[in-house]
Amino acid sequence: MGTRRLTEEEIQKYLDRHGTGRKKPDANLSPQTQEKFSQYRDLYNRLGRQPKIDLPNTFASSILTRLSMGPSSETDRWILHVFLSLTCLLAGVLVSAYWLSGTSTQGLLEGGKQILQMFALLGQQITDAGFNLKLMGLGCTIMMVLAILDNLICQVKGHSISK
Amino acid sequence: MNAERETIEKIIAGDTQRFSVVIEQYKRLVYNIAFRMVQNAADREDLCQDIFVKVYRNLSTFQFESKLSTWIAKIAFNTCVNHLKKKRVPLLHDVAPDKFFIEEVSDRKKSPDEEMECSDIASKLTREIENLPVVFRTVLTLFHLEQMSYGEIAAVTALPGGTVKSYLFRARKLLRQRLTQQYAQEELWERGV
Numbered sequence: 453m454g455t456r457r458l459t460e461e462e463i464q465k466y467l468d469r470h471g472t473g474r475k476k477p478d479a480n481l482s483p484q485t486q487e488k489f490s491q492y493r494d495l496y497n498r499l500g501r502q503p504k505i506d507l508p509n510t511f512a513s514s515i516l517t518r519l520s521m522g523p524s525s526e527t528d529r530w531i532l533h534v535f536l537s538l539t540c541l542l543a544g545v546l547v548s549a550y551w552l553s554g555t556s557t558q559g560l561l562e563g564g565k566q567i568l569q570m571f572a573l574l575g576q577q578i579t580d581a582g583f584n585l586k587l588m589g590l591g592c593t594i595m596m597v598l599a600i601l602d603n604l605i606c607q608v609k610g611h612s613i614s615k
Numbered sequence: 002m003n004a005e006r007e008t009i010e011k012i013i014a015g016d017t018q019r020f021s022v023v024i025e026q027y028k029r030l031v032y033n034i035a036f037r038m039v040q041n042a043a044d045r046e047d048l049c050q051d052i053f054v055k056v057y058r059n060l061s062t063f064q065f066e067s068k069l070s071t072w073i074a075k076i077a078f079n080t081c082v083n084h085l086k087k088k089r090v091p092l093l094h095d096v097a098p099d100k101f102f103i104e105e106v107s108d109r110k111k112s113p114d115e116e117m118e119c120s121d122i123a124s125k126l127t128r129e130i131e132n133l134p135v136v137f138r139t140v141l142t143l144f145h146l147e148q149m150s151y152g153e154i155a156a157v158t159a160l161p162g163g164t165v166k167s168y169l170f171r172a173r174k175l176l177r178q179r180l181t182q183q184y185a186q187e188e189l190w191e192r193g194v
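Keeping their order, the protein sequence lines are chains A and B.
Sequential numbering from 453 applies to the first sequence in the working numbering.
Sequential numbering from 2 applies to the second sequence in the working numbering.
Where hints are given, some of them may not hold.
Said to hold, decoys possible - Label pairs and their in silico Cβ distance ranges:
(1) 506(A) x 164(B): 50 to 60 Å
(2) 497(A) x 83(B): 31 to 41 Å
(3) 462(A) x 65(B): 51 to 61 Å
(4) 497(A) x 150(B): 31 to 41 Å
(5) 6(B) x 578(A): 30 to 40 Å
(6) 581(A) x 5(B): 56 to 66 Å
(7) 46(B) x 497(A): 22 to 32 Å
(8) 459(A) x 161(B): 17 to 27 Å
(9) 14(B) x 593(A): 33 to 43 Å
(10) 93(B) x 591(A): 16 to 26 Å
(11) 532(A) x 14(B): 31 to 41 Å
(12) 62(B) x 513(A): 46 to 56 Å
(13) 506(A) x 93(B): 46 to 56 Å
Claimed, not checked - No more than 20 Å apart at the CA atoms, straight line, and that leaves these computed lysine to aspartate or glutamate pairs for DMTMM-like:
(14) 88(B) x 153(B)
(15) 174(B) x 460(A)
(16) 504(A) x 153(B)
(17) 504(A) x 7(B)
(18) 504(A) x 129(B)
(19) 465(A) x 46(B)
(20) 174(B) x 461(A)
(21) 504(A) x 44(B)
(22) 465(A) x 147(B)
(23) 166(B) x 468(A)
(24) 504(A) x 47(B)
(25) 166(B) x 462(A)
(26) 174(B) x 468(A)
(27) 28(B) x 506(A)
(28) 174(B) x 487(A)
(29) 504(A) x 10(B)
(30) 166(B) x 461(A)
(31) 55(B) x 10(B)
(32) 504(A) x 131(B)
(33) 166(B) x 487(A)
(34) 174(B) x 506(A)
(35) 488(A) x 129(B)
If you're looking for bench data, these hints aren't it; they were derived computationally from the structure.
Note that this is a predicted model, so its numbers are computed, not measured.
Glycine included, every Cβ here is placed at the ideal spot set by N, Cα and C.
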């Protein structure tokens, strides 16, 4: 009776299906196949051995600490995101309103006359109190640009984590 | 499964401390993926932390349509892939004909440190696994250490099932060939383990 030869793929398929428990799939295999089979069986056994976990005992607690410092969920992050966006928008409107001349502002925002007057009054009071309104406006603009950039970068970094 | 669902629901409801249960249960899975995919040991712990933070922040989007382990593994895999892309590490480098691979590795002269490190069979195997492309290492880990099915590995890596099978076959074939070629047979292959 002749001996059987198995391809490497057949040996792997056998071990995938039956595990490494049995010593040989068949007694009448050719010597080369038996040798390869033993090698694969040993390789499978070794690949299944767990490596030593190299994480500190404080691993879980350090993650919990990290979580307690930031927004707790996606919903919280979304609320924060909306809040920041609205703040940026408001800052943008305020700065634009200040730099536009009175007449053109009225021309542009016909319906928001009262709001603009309120802003103008607020600006006057701030100036009267001794603050440099132009400097504050510049600061607001810079902060707004930074916030928008930060937002854009965060969106790119956090894009679809499970895809 | 129900206990797991209850735990997740409590975490989503705000019981952050309960997340430590999830961390303890899945830290080996996450570590195994990071350990095999990222070779810089210093980066691994940070990556493992980042993975769990992402798991926590996205827990409310988990639909219980797959096993939690598959979902976490997917996040771990993608986080490691992003890390490797930043470091410009190729995921599937020069998967050349097997013969070329063997010659390339065996011709390289080992440093004394490497010789010391290769003093036992487990280290030799670890070193050979590290020489494999990242994707090969990952599918080997998910199949042999995490006992995932081809379908689950396909879901984690977003590869077709046939590709997963092919990568697994080629990875094991390469490992067997490299190990038998490099080291004396009687030293490496223990009979009747």
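_Given pair status - residue 10(B), residue 504(A), alpha carbons within 20 Å_ = Status violated; Cα separation ~32 Å.
*asked:* Run the distance test for residue 174(B) versus residue 460(A): straight-line Cα separation, threshold 20 Å.
replied: Holds, at roughly 7 Å.
*Does residue 55(B) pair with residue 10(B) here, judged by a C-alpha cut-off of 20 Å?*
Distance of about 17 Å is within 20 Å: holds.
*residue 174(B) and residue 506(A): Cα distance at most 20 Å?*
Answer violated: residue 174(B) to residue 506(A) is near 29 Å, above 20 Å.
*asked:* Verify the CB-CB distance for residue 14(B) and residue 593(A) against the hinted window 33 to 43 Å.
replied: For residue 14(B) and residue 593(A) the Cβ distance comes to about 41 Å; the hint holds.
*Is residue 504(A) close enough to residue 153(B), meaning Cα to Cα at most 20 Å?*
Roughly 24 Å separates the two Cα atoms, so the pair is violated.
*Note whether the CB distance of residue 462(A) and residue 65(B) lies within 51 to 61 Å or breaks it.*
This hint is violated: roughly 38 Å between Cβ atoms.
_For a C-alpha distance cap of 20 Å, please report whether residue 504(A) and residue 47(B) respect it._
With Cα atoms ~17 Å apart, residue 504(A) and residue 47(B) stay inside 20 Å; holds.
_Outcome of range test on Cβ distance (residue 6(B), residue 578(A); 30 to 40 Å)_ = Roughly 55 Å apart at Cβ, these two residues miss the hinted range, so it is violated.
*Can the restraint linking residue 28(B) and residue 506(A) be considered satisfied, given a maximum Cα separation of 20 Å?*
11 Å, holds
_Satisfaction of hint between residue 153(B) and residue 88(B), Cα-Cα up to 20 Å_ = Distance ~27 Å between residue 88(B) and residue 153(B) Cα, so the pair is violated.
*With a cut-off of 20 Å on the C-alpha distance, tell me whether residue 504(A) and residue 131(B) pass.*
The hint holds at about 16 Å.
Hint check: violations occur at hints 1, 3, 4, 5, 10, 11, 12, 13, 14, 16, 17, 19, 29, 33, 34; the rest are consistent with the structure.
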